[in-house]
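The listed protein sequences correspond, in order, to chains Y and W. 52 is the number of the first residue of the first sequence in our numbering; add one for each residue after it. 20 is the number of the first residue of the second sequence in our numbering; add one for each residue after it.
Hints are computed from structural coordinates only; laboratory data are not their basis. One or more of the hints may lead you astray.
As the list claims (entries may be wrong) - Straight-line distance between alpha carbons at most 20 Å, and here's what the computed DMTMM-like set of lysine to aspartate or glutamate pairs gives:
1. Y:K78 x W:D116
2. Y:K78 x Y:E157
3. Y:K78 x W:E117
4. Y:K78 x W:E111
5. Y:K115 x W:D50
6. Y:K78 x W:D61
7. Y:K115 x W:E125
Letter by letter, the chains look like this.
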Amino acid sequence: MDNSDDKPADNATAELAAGRDATYWAKAVSRLNVSNVPEGAINLNVTGKRLAGPIQGFGKMWQKTYQVHLPRDRVSATDLIATWKQHFPDFWPEGNFFYAPLTGIEPGEVALLNMTLPGRMKLSTGVMVLYADEESFTLMTPQGHMFAGWITFSATERDDMTVAQAQVLMRASDPIFELGLTLGGHRQENRFWSQTLSAVAAHFGVSADVDTQVVCVDKRRQWSRWSNVWHSSAVRSTGYMLASPLRAAREMTRRDQPAK
Amino acid sequence: MTEATATFGVRRHGSATVVDIEGDVTAGSEDVLMTAYDAAGDVSTIVLNFSDLAYMNSGGIGLLVTLLVRANRRSQQLMAYGLSDHYRQIFELTRLDEAVGIHDSEQAALSAAGAR
């Protein structure tokens, strides 16, 4: 039997796959680099850091899924993701800032995050866009972030509904963050993403409940990773905040000195 | 994104099982991948053959992480071969390569697993 007719089809499939590989995935990087720091953003705990996935984290591994259902006639999956990418920072709860890259949510781009934690503690970190296509995009965390892992935002069409979803796969990065998660951090995170998805739905004029599913994928803590605390963005952000009066004083002294 | 577009064949080689992956691996492949893993049996090593992988998105990478957790729970090691240069880079980028042994061929993977 002659299968020669299949070859052009096979080649076309391979080309399509190669095209998707190149377009949707970030290029390999050993350490993160922030090319443009938006005005008002604090660039701390990102430049020079490596990415850290769930394998590199310390705490229990969790998969958290948040979903909201919207009528399909209001928005398609691809339109929802296009809007989510474009307005990503606008959907975040108040007091938290996502400084999107100038080029938007594109594979390989790095965004800065300035967040408010309980006790009004400010935390500066970032994420890299690991993957982005028309129906989903994934952000991956650097060393020192609260979590080691990634979060995938996606939309699918089921019957007459469009389902918007955020799915987190992560471990707490270090023992301090693990303790924080146990002492209310999980609740706060669930509220954060629930509010975010509600804001996405509200953008399309829909008021709907957010379904939350939390699964502990691995109950074991990776004690060999306790030293991740060295990179802790919480510790380093706190140090940065405490040192800000010193920085201000030094800046004033420098300004007062006559130019030589 | 939830549709299964990959198939997973299972072959036993002594103390290892080779899982042949074909098609697009996405989050929708979870059920078929876990069924293949269950069919792999109580072996010391699971070897993933990516030679016929057409495409994998970030959901697929997430699946591999959960598969790794399940394998670790049963004290099994996870290995891979047949990865294209692109997916080798993705394994490095996501740092999956620190937990999954990557080899150039099935023979090399099975030798490393002590299954040959």
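Against the structure, the hints come out as follows:
no.: 1; hint: Y:K78 x W:D116; verdict: 16 Å, holds
no.: 2; hint: Y:K78 x Y:E157; verdict: 11 Å, holds
no.: 3; hint: Y:K78 x W:E117; verdict: 18 Å, holds
no.: 4; hint: Y:K78 x W:E111; verdict: 11 Å, holds
no.: 5; hint: Y:K115 x W:D50; verdict: 18 Å, holds
no.: 6; hint: Y:K78 x W:D61; verdict: 37 Å, violated
no.: 7; hint: Y:K115 x W:E125; verdict: 35 Å, violated
Violation of the numbered hints given earlier is confined to hints 6 and 7; the remaining hints are satisfied by the structure.
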